[in-house]
Amino acid sequence: MNTKPKKCKYCKTKTDTPIQFGLSWFCSIDCATNLCLENREKSKKIEKRQALKAFSDRDIPTLKRKAQQVFNAYIRARDGKKCISCGYTGEGRQFHSGHFRPAGNCGQLRFDEHNVHSQCSICNNYKSGNLAEYRKALIEKIGESEVIALESYNTPKKWTAEELTEIIKTYKAKLKSIQSNG
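To convert, note that position 176 of the sequence shown is 176 in the numbering used here; the numbers rise steadily by one, no gaps.
Treat the hints with care, since some could be wrong.
[What the hints assert, rightly or not] Lysine-lysine pairs mimicking DSS-like chemistry, simulated, CA-CA at most 25 Å apart:
hint, residue 1, residue 2
1, K66, K172
2, K136, K82
3, K14, K169
4, K9, K66
5, K158, K141
6, K66, K81
7, K81, K172
8, K127, K141
9, K136, K64
10, K48, K12
11, K82, K14
12, K169, K158
13, K141, K176
14, K127, K176
15, K64, K169
16, K176, K66
17, K158, K82
18, K12, K82
19, K48, K169
20, K4, K14
21, K66, K169
[Said to hold, decoys possible] Quick list of the computed label-pair ranges, beta carbon to beta carbon:
hint, residue 1, residue 2, range
22, P156, N39, 41 to 51 Å
23, K169, L23, 11 to 21 Å
24, K176, K12, 52 to 62 Å
25, D112, I60, 11 to 21 Å
26, E41, L131, 31 to 41 Å
27, K44, P102, 39 to 49 Å
28, I60, K82, 53 to 63 Å
29, Q20, P61, 30 to 40 Å
30, Q94, E133, 37 to 47 Å
31, G107, E144, 46 to 56 Å
32, I148, G104, 20 to 30 Å
In short, the hints are calculated from the structure, not lab data.
Nothing here was measured: the structure is a model prediction, and the numbers come from that model.
Idealized CB from N, CA, C, for every residue including glycine.
Turn these sequences into a full structure, and let the hints steer you where they fit.
Encoded structure:
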């Protein structure tokens with residue numbers, strides 16, 4: 001059987017004895033292997049670019065919301081149903097993760113465990129955090145020097161996608177640990 005010369009997919013030379021792999025023709029196994037290796041490298045580069053795009057600046061707000069949800073769930077599990085401001089324990093109220101220094105004004109303390117504690121919805125929503133009582137209880141809980149450090153920490157923070165992803169992983173693990181022990 002006489003076959004027509006075929007052009008090698010890799011080196012582009014014409015050959016009378018082509019080797020077919022899939023739908024492509026090659027002059028040798030070496031050319032087929034080299035093309036396969038080049039395609040694998042191209043795929044890795046494309047995957048790398050796509051991974052970088054996944055953490056674009058547009059995703060920072062989404063990651064920040066997710067990190068806040070996981071962090072807040074951890075705080076509520078850590079502290080239970082006891083309001084740091086008024087001391088209320090029991091049923092009938094929702095419990096939030098109340099920030100001593102608000103996350104809106106002090107984003108650098110958004111995920112600081114000393115700045116966030118379980119707080120009843122009445123104190124958090126209707127009494128604007130009930131900060132005078134919150135401060136007294138916080139001094140008892142973590143000490144006056146730590147409270148002063150919180151109050152004086154004013155260095156702004158811009159969260160990166162990597163930091164937020166790490167926060168999500170860390171607090172998911174901490175939450176899981178509390179839930180499995182409790």
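Here is how each hint holds up against the structure:
1. K66 with K172: 11 Å, holds
2. K136 with K82: Satisfied, since the Cα-Cα distance of roughly 15 Å is no more than 25 Å.
3. K14 with K169: Outside the cut-off at roughly 55 Å; violated.
4. K9 with K66: At roughly 48 Å apart (the allowed maximum being 25 Å), K66 and K9 break the hint.
5. K158 with K141: 29 Å, violated
6. K66 with K81: The given pair, whose Cα atoms are some 22 Å apart, holds under the 25 Å limit.
7. K81 with K172: Satisfied, since the Cα-Cα distance of roughly 20 Å is no more than 25 Å.
8. K127 with K141: 21 Å, holds
9. K136 with K64: Judged against 25 Å, a Cα distance of about 30 Å means the pair is violated.
10. K48 with K12: With Cα atoms ~29 Å apart, K48 and K12 exceed 25 Å; violated.
11. K82 with K14: Violated, at roughly 80 Å.
12. K169 with K158: Given pair K169, K158 holds - Cα atoms ~19 Å apart, limit 25 Å.
13. K141 with K176: 24 Å, holds
14. K127 with K176: 32 Å, violated
15. K64 with K169: 13 Å, holds
16. K176 with K66: It holds: about 16 Å lies between the C-alpha atoms, which stays within 25 Å.
17. K158 with K82: Violated, at about 32 Å.
18. K12 with K82: The hint is violated at about 75 Å.
19. K48 with K169: Answer holds: K48 to K169 is near 21 Å, not above 25 Å.
20. K4 with K14: 10 Å, holds
21. K66 with K169: Distance of about 11 Å is within 25 Å: holds.
22. P156 with N39: 41 to 51 Å: Given a distance of about 46 Å, which is inside 41 to 51 Å, the answer is holds.
23. K169 with L23: 11 to 21 Å: Given a distance of about 43 Å, which is not inside 11 to 21 Å, the answer is violated.
24. K176 with K12: 52 to 62 Å: Between K176 and K12, where Cβ atoms are some 56 Å apart, the hint holds.
25. D112 with I60: 11 to 21 Å: 19 Å, holds
26. E41 with L131: 31 to 41 Å: With Cβ atoms ~58 Å apart, the hint is violated.
27. K44 with P102: 39 to 49 Å: Given about 44 Å between the Cβ atoms, the range holds.
28. I60 with K82: 53 to 63 Å: Hint violated: Cβ distance 33 Å, outside 53 to 63 Å.
29. Q20 with P61: 30 to 40 Å: 52 Å, violated
30. Q94 with E133: 37 to 47 Å: At roughly 18 Å between Cβ atoms, E133 and Q94 fall outside 37 to 47 Å, so the hint is violated.
31. G107 with E144: 46 to 56 Å: Once the Cβ atoms are compared, 24 Å apart, the range 46 to 56 Å for E144 and G107 is violated.
32. I148 with G104: 20 to 30 Å: Once the Cβ atoms are compared, 22 Å apart, the range 20 to 30 Å for G104 and I148 holds.
Violated hints, in rising order: 3, 4, 5, 9, 10, 11, 14, 17, 18, 23, 26, 28, 29, 30 and 31; the structure is consistent with all others.
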